[in-house]
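Q: For reference, the chains in residue letters:
Protein chains: 4
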Amino acid sequence: MNSKYQYVREFETVDKALPNTWLVVRIDGRGFHRFSQEHDFAKPNDRPAIELMNRCAVEVMKDIKDIIIAYGQSDEYSFVFPKSCNLYSRRASKIASTIASLFAANYAMRWHEYFPTVKLKYPACFDSRVVCYPSDQNMRDYLSWRQVDCHINNLYNTTFWAIVHSGKTETAAEEELRGTFSKDKHEILFTNHNINYNTIEEIYKKGSVIIRQKTKVTTISPNTGQPVERIKLVPTPLYVDIIGQEFWDEHPELLTK
Amino acid sequence: MNSKYQYVREFETVDKALPNTWLVVRIDGRGFHRFSQEHDFAKPNDRPAIELMNRCAVEVMKDIKDIIIAYGQSDEYSFVFPKSCNLYSRRASKIASTIASLFAANYAMRWHEYFPTVKLKYPACFDSRVVCYPSDQNMRDYLSWRQVDCHINNLYNTTFWAIVHSGKTETAAEEELRGTFSKDKHEILFTNHNINYNTIEEIYKKGSVIIRQKTKVTTISPNTGQPVERIKLVPTPLYVDIIGQEFWDEHPELLTK
Amino acid sequence: MNSKYQYVREFETVDKALPNTWLVVRIDGRGFHRFSQEHDFAKPNDRPAIELMNRCAVEVMKDIKDIIIAYGQSDEYSFVFPKSCNLYSRRASKIASTIASLFAANYAMRWHEYFPTVKLKYPACFDSRVVCYPSDQNMRDYLSWRQVDCHINNLYNTTFWAIVHSGKTETAAEEELRGTFSKDKHEILFTNHNINYNTIEEIYKKGSVIIRQKTKVTTISPNTGQPVERIKLVPTPLYVDIIGQEFWDEHPELLTK
Amino acid sequence: MNSKYQYVREFETVDKALPNTWLVVRIDGRGFHRFSQEHDFAKPNDRPAIELMNRCAVEVMKDIKDIIIAYGQSDEYSFVFPKSCNLYSRRASKIASTIASLFAANYAMRWHEYFPTVKLKYPACFDSRVVCYPSDQNMRDYLSWRQVDCHINNLYNTTFWAIVHSGKTETAAEEELRGTFSKDKHEILFTNHNINYNTIEEIYKKGSVIIRQKTKVTTISPNTGQPVERIKLVPTPLYVDIIGQEFWDEHPELLTK
Numbered sequence: 001m002n003s004k005y006q007y008v009r010e011f012e013t014v015d016k017a018l019p020n021t022w023l024v025v026r027i028d029g030r031g032f033h034r035f036s037q038e039h040d041f042a043k044p045n046d047r048p049a050i051e052l053m054n055r056c057a058v059e060v061m062k063d064i065k066d067i068i069i070a071y072g073q074s075d076e077y078s079f080v081f082p083k084s085c086n087l088y089s090r091r092a093s094k095i096a097s098t099i100a101s102l103f104a105a106n107y108a109m110r111w112h113e114y115f116p117t118v119k120l121k122y123p124a125c126f127d128s129r130v131v132c133y134p135s136d137q138n139m140r141d142y143l144s145w146r147q148v149d150c151h152i153n154n155l156y157n158t159t160f161w162a163i164v165h166s167g168k169t170e171t172a173a174e175e176e177l178r179g180t181f182s183k184d185k186h187e188i189l190f191t192n193h194n195i196n197y198n199t200i201e202e203i204y205k206k207g208s209v210i211i212r213q214k215t216k217v218t219t220i221s222p223n224t225g226q227p228v229e230r231i232k233l234v235p236t237p238l239y240v241d242i243i244g245q246e247f248w249d250e251h252p253e254l255l256t257k
Numbered sequence: 001m002n003s004k005y006q007y008v009r010e011f012e013t014v015d016k017a018l019p020n021t022w023l024v025v026r027i028d029g030r031g032f033h034r035f036s037q038e039h040d041f042a043k044p045n046d047r048p049a050i051e052l053m054n055r056c057a058v059e060v061m062k063d064i065k066d067i068i069i070a071y072g073q074s075d076e077y078s079f080v081f082p083k084s085c086n087l088y089s090r091r092a093s094k095i096a097s098t099i100a101s102l103f104a105a106n107y108a109m110r111w112h113e114y115f116p117t118v119k120l121k122y123p124a125c126f127d128s129r130v131v132c133y134p135s136d137q138n139m140r141d142y143l144s145w146r147q148v149d150c151h152i153n154n155l156y157n158t159t160f161w162a163i164v165h166s167g168k169t170e171t172a173a174e175e176e177l178r179g180t181f182s183k184d185k186h187e188i189l190f191t192n193h194n195i196n197y198n199t200i201e202e203i204y205k206k207g208s209v210i211i212r213q214k215t216k217v218t219t220i221s222p223n224t225g226q227p228v229e230r231i232k233l234v235p236t237p238l239y240v241d242i243i244g245q246e247f248w249d250e251h252p253e254l255l256t257k
Numbered sequence: 001m002n003s004k005y006q007y008v009r010e011f012e013t014v015d016k017a018l019p020n021t022w023l024v025v026r027i028d029g030r031g032f033h034r035f036s037q038e039h040d041f042a043k044p045n046d047r048p049a050i051e052l053m054n055r056c057a058v059e060v061m062k063d064i065k066d067i068i069i070a071y072g073q074s075d076e077y078s079f080v081f082p083k084s085c086n087l088y089s090r091r092a093s094k095i096a097s098t099i100a101s102l103f104a105a106n107y108a109m110r111w112h113e114y115f116p117t118v119k120l121k122y123p124a125c126f127d128s129r130v131v132c133y134p135s136d137q138n139m140r141d142y143l144s145w146r147q148v149d150c151h152i153n154n155l156y157n158t159t160f161w162a163i164v165h166s167g168k169t170e171t172a173a174e175e176e177l178r179g180t181f182s183k184d185k186h187e188i189l190f191t192n193h194n195i196n197y198n199t200i201e202e203i204y205k206k207g208s209v210i211i212r213q214k215t216k217v218t219t220i221s222p223n224t225g226q227p228v229e230r231i232k233l234v235p236t237p238l239y240v241d242i243i244g245q246e247f248w249d250e251h252p253e254l255l256t257k
Numbered sequence: 001m002n003s004k005y006q007y008v009r010e011f012e013t014v015d016k017a018l019p020n021t022w023l024v025v026r027i028d029g030r031g032f033h034r035f036s037q038e039h040d041f042a043k044p045n046d047r048p049a050i051e052l053m054n055r056c057a058v059e060v061m062k063d064i065k066d067i068i069i070a071y072g073q074s075d076e077y078s079f080v081f082p083k084s085c086n087l088y089s090r091r092a093s094k095i096a097s098t099i100a101s102l103f104a105a106n107y108a109m110r111w112h113e114y115f116p117t118v119k120l121k122y123p124a125c126f127d128s129r130v131v132c133y134p135s136d137q138n139m140r141d142y143l144s145w146r147q148v149d150c151h152i153n154n155l156y157n158t159t160f161w162a163i164v165h166s167g168k169t170e171t172a173a174e175e176e177l178r179g180t181f182s183k184d185k186h187e188i189l190f191t192n193h194n195i196n197y198n199t200i201e202e203i204y205k206k207g208s209v210i211i212r213q214k215t216k217v218t219t220i221s222p223n224t225g226q227p228v229e230r231i232k233l234v235p236t237p238l239y240v241d242i243i244g245q246e247f248w249d250e251h252p253e254l255l256t257k
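First to last, the protein sequences are chains H, Z, C and X. Just so you know, we're using full-length UniProt numbering here: the first sequence kicks off at 1 and counts up by one. Just so you know, we're using full-length UniProt numbering here: the second sequence kicks off at 1 and counts up by one. Just so you know, we're using full-length UniProt numbering here: the third sequence kicks off at 1 and counts up by one. Just so you know, we're using full-length UniProt numbering here: the fourth sequence kicks off at 1 and counts up by one.
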C-alpha cells in the first residue's frame, strides 16, 4: 500500500560532503539584534550571554564526539570536523541541521542557568551551513577569518558603546567612527574614555576557542562507592589567539586526526 | 587585514532550491527511542508528547509565515512551502537548519508546559532536510506517503503494546506480529484485547495536520482599552485524512498559492 | 588488488536532475567568433554554417530519442527532454556531456558536406549545461527567451553588417547603432540600405525549431527487395514562431509527453 | 522585451568545483563495444585506435593548457587539473562538457589520419564527469586505480582473444577464464598460446600517460625566414608505470603546481 507513494523519495537529493576535507559547520543567530534587545543584553558584551553560547557549544561537543575544535564570537559558533570524519556518512544537511538544532535546544533549556532573573520571551534560533576545506591551511585560515572578524567587531563595538555611554547618541557615535582605523579607535578609547583596549578581557577580544583538554574529573566508583579521580578529555573554552603558529604547535593533535 | 583570510568564503557552496517547486522540510527526531524511554513516554502514544510536537509546529508556523501546511506523526514533522516561496532566496541549508533549530528550541523551552512534573534530562534534537516537489500531485503524494506511514506504524504499535500490556514480552509480541497483515492486527486487537481500532482517537490514527484556520481572536484595543474581536488566521492542528480529495477540496487555497 | 585504490570512487558526486521536471540541455560554441573568422563565415548569417548546425541537431535527435524539441540560433542549440525522461537516470553531467560530444563530433564529421571547399582548420567545440524547468510554462518561457534573443541579435547584426558592407568601419557601425531601438534599426535598414527586414528569410529571423514530423520515407523491403513507403517520425527543422500559442496548439503532443 | 522571459536564468544551478582540490575529468566512450565492431578494430588491442585516442588527448592538452597530466586506456581518458586551476571559474559542467566535446570532435576530424582506409560510419561519442580530489595522494590513487584497471583488463583480454584466435568460441574462452587469477592467465598464455605476457608492448599493458615534455622544435623565424630550434613543452605519450613512486620523483613539477 505504501509503495504507491514511496516514489516521492526519489526527489531527495544526496548532499554528501567531499571526503578527505575538513568540515566546518557554522551556526549563526537569527535576528539576534532584536533578541539581544528584547532580553536586555549589556553592550558591547554581555558576559552571561557569551557564557551561555560557550556552554551550548560545550554541550554540542560533548554530544558530537567528532568535533575537534570550536570557535565562537558574537552570535555565531563554528565547529570543525576532521578530514577523516564520517558522521552521518558526511551528509551535509543532516550534519548542519543536527548541530543547529542541538545548539538552539541547549540555549533554550539552559537559559535560566545563565539568566536566572530574565524570562526567555521566545527561543533563540540559529541557522547553519557546512563548508569543506581541503587543506589544513584552508581550515586554519577559516578560523583566522572568524577571529579577525571578532577582533575588528569588538574594537568597533567597544569604542561605539564607550561613546554612547559617555552621553552621545548612537548616530553621533557612528559618525565619529566613520572612516577611522584601528589605531584611531584605540586612541579615542584611551584619550576620551580612559580605556586601554589592551586591558580588556581576552574573552571579548579573542572570542572563545573550545578544545578537549585533559581534565581531572572526580566520579563515584560504582563498585566501591568511593570517589575516584580520572583524567578525562573535557571540552574547555580558552580565550586565546588561534591565528598564529603557537596555538597549533601547542596542540599538535588537532592537525593529525 | 581581513582580506587575507576572506578567500575562504569561496569554498561555500550555493544550494538554492529549484524555483517554482514545492519545498518540503522534514524534521526527524534524533535518537527518539532513547529520548522517549528516558522521559517515560506512554506507549504506544503519549498524548502530552504529541501535543508538545504540535505546539512546536504551531510556533514554527507562527514564526515562518511562508509555511502553508504542516504534517506530523511520531517524532517527525513536515513543513510545506509553496512554489512561489522565496524565503532566504530558497537557500536549502538555511531553510532546513532554521526550521530544525526553531522546532528544537521550542521543544526545550515549552517542555514544562506539557510535562510539568517531568524534568527534561537533555534537550531533544531534530535533523532536517529539504526536498523539492515540482507538481501539486507530487507534493500531495509526499504527504500521503507520510500519512500512510503513520497509519501503518500506529496500527502496529497499538497492537504491539496491547500484547505487551497483556503481559507478554516484547520479543513475544514481535513474534506474534511477524508476517501479519492489517486485517490480522485489527483481529488480534479486537479478539484478544477487546480494542476496536476504529474507535481509537483520530490524532493517533491520522497524525496531525496544521493549517491556518480563520479564528475569532479577542484582543485589547490599544486605543480604547476595550476588548475587540477579530478574525485571524491561526495555525491549527486537525486530525484528518489528507490522502483523499475531500481535504483539498475543502481547502482550495492550499494549492493556489 | 584493485580494492586498495577503489575508494577514490567515493569522491564522485551524484548529480541527478530533479524528477518530473523538463530538462533543457543547451550547448554553446566555444570561441565561435574566432572560429567563424578563421573559416570565413558570411556575415551576418552564413547559410551553410546554419545548415550544418541544424544537421548536427537532427543527428543528435536521431540518436537520442528522448529529445522532443530542439531550438537553435547563432552558435547555440537547446534540446528539450520531457518531464518523464529517465535517460541515464537523469544524471545531469552524463546527459550534458553526451549531447555536447555528439553535436561536436557530428560537426567535425559532416563539415565537408556543408563546406566542401573549406578545410576545417580545427574542430569546433561546444560546452553544455542542463537546466530543470518544473512547469510547461517555464519550459516554453525558456524557449521564448532564446527566440527573443535570436530576434534581437539578428536585427542588430543585419543592420550592423549592412552598414559595414556599405563601406563604413565596424567602429562606425557600432557608433551608429548605439542606443537605437528596434524600429530605428528597421528604419536604418530600409532608408539607408534598401532592406525591408520583414522580407528577410525566416531561418535568420526565427532561428531553427526541430520537431519530429511525420514523413513519408521510402525504404527497400529486406524481404521483397521492393521499395516500400512508410510514415516515420523524422526530426525536421522549421523556421517558425514558438513564442505564441499557435505553435503549441498545432503540436499538442509536445506538452503531453 | 527580453526581461519578461529572462527569469528562466534563475533556474540554472551553480556547480563550482571545490577550490584547492585536484580536478579530474574522465571521458568514457559511449557504446564503444559496438563502435569497435562496426569499424573492425583488432582484438585485443587495435594500435591505430589507441594512437587516435592518444592524438585526441594530445590535442585536448594543447588546447587546454591547465591540464598537467592525462591517462588513457581502453575507451577512456582522464585529464588532471591542478588544485590551483581556475578554468571557467571551476564550473564543473562547463569543464566536463568542453573536454568531452573537444575530444570527440578531434576523434571525428582526425579519424582518417589513423584509419585512412576505413570509413567512419558514425561519430564516436564520449560522456564526461568531473571529480575533485583533495590531496595529492587521492589524485595519485585515482590514476593508480585506472592503471590497475588497465592491467587487469588487458591481461584478461589478451588471454581471452588468444584462446579465441586459437579456434575456440567466445563462450568457451569465457568459461576457461572464469575464476582464474592473474598467474593462471600468465600460465595459460605461456603454455597454451606461447605468449610471454611480459614481452607484450608497454602501451597495451600500461596504457598511455601524457605529460608535457621538453621537446626540440624547429620553426621558421618570421624575421629571418631561417629555421630556428627552440625547446617547447609538448604533450607527449609515455607508456610507463604511474603507480610507483619513481614516476613522480622523475616529474616533481606535477605535484608542485
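Don't read these hints as lab results, they were simulated from the structure. Hints should not be assumed to be uniformly reliable.
Copies of one chain are not kept apart here, so a pair can be met inside one copy or by any two copies together.
Claimed, not checked - In the EDC-like style, the derived pairs of lysine to aspartate or glutamate whose C-alpha atoms are separated by at most 20 Å in a straight line are:
#	residue 1	residue 2
1	K83	E12
2	K4	D46
3	K121	E202
4	K83	D141
5	K83	D136
6	K216	E12
7	K206	D75
8	K4	E229
9	K121	E59
10	K121	D63
11	K232	E187
12	K83	E253
13	K168	E201
14	K232	D66
15	K62	D136
16	K232	D28
17	K206	E175
Remember, it's a predicted structure, so these values are computed and weren't measured experimentally.
Q: Would you mind marking each hint as holding or not holding in the structure?
A: Right, here's what the structure says about each hint:
Taking CA atoms no more than 20 Å apart as the test, K83 paired with E12 passes between copies only; the shortest distance there is 17 Å, against 25 Å inside one copy. Taking the shortest Cα distances, K4 and D46 never come within 20 Å of each other, neither inside one copy (55 Å) nor across copies (30 Å). Within a single copy, K121 and E202 get their C-alpha atoms no closer than 30 Å, and across copies no closer than 33 Å, so neither meets the 20 Å cut-off. Proximity of K83 to D141 under the C-alpha cut-off of 20 Å is found in both arrangements, the shortest distances being 16 Å within a copy and 17 Å between copies.
For the identical chains of this complex, K83 and D136 are neighbours both inside a copy (9 Å) and across copies (14 Å), given an alpha-carbon limit of 20 Å. When the C-alpha separation of K216 and E12 is checked against a cutoff of 20 Å, the pair qualifies neither within a copy, at 46 Å, nor between copies, at 39 Å. Proximity of K206 to D75 under the C-alpha cut-off of 20 Å is restricted to the intra-copy arrangement: shortest distance 14 Å within a copy versus 40 Å between copies. When the C-alpha separation of K4 and E229 is checked against a cutoff of 20 Å, the pair qualifies neither within a copy, at 59 Å, nor between copies, at 44 Å.
For the identical chains of this complex, K121 and E59 are inter-copy neighbours only, at 13 Å across copies versus 23 Å inside a copy, given an alpha-carbon limit of 20 Å. Proximity of K121 and D63 under a CA criterion of 20 Å is satisfied inter-copy only: 14 Å between copies versus 27 Å inside one chain copy. When the C-alpha separation of K232 and E187 is checked against a cutoff of 20 Å, the pair qualifies neither within a copy, at 45 Å, nor between copies, at 55 Å. Proximity of K83 and E253 under a CA criterion of 20 Å is satisfied intra-copy only: 13 Å inside one chain copy versus 26 Å between copies.
With identical chains, the CA atoms of K168 and E201 are never at most 20 Å apart, being 25 Å at best within one copy and 63 Å at best between copies. Within a single copy, K232 and D66 get their C-alpha atoms as close as 16 Å, which meets the 20 Å cut-off; across copies the closest is 47 Å, which misses it. Proximity of K62 and D136 under a CA criterion of 20 Å is satisfied in neither setting, with 24 Å inside one chain copy and 34 Å between copies. In the homo-oligomer, the alpha carbons of K232 and D28 never lie at most 20 Å apart, since the shortest distance is 30 Å inside one protomer and 32 Å across protomers.
Taking the shortest alpha-carbon separations for K206 and E175, neither the intra-copy value of 26 Å nor the inter-copy value of 58 Å comes in at or below 20 Å.
Taken one by one, the earlier hints fail for this structure at numbers 2, 3, 6, 8, 11, 13, 15, 16, 17, listed in ascending order.
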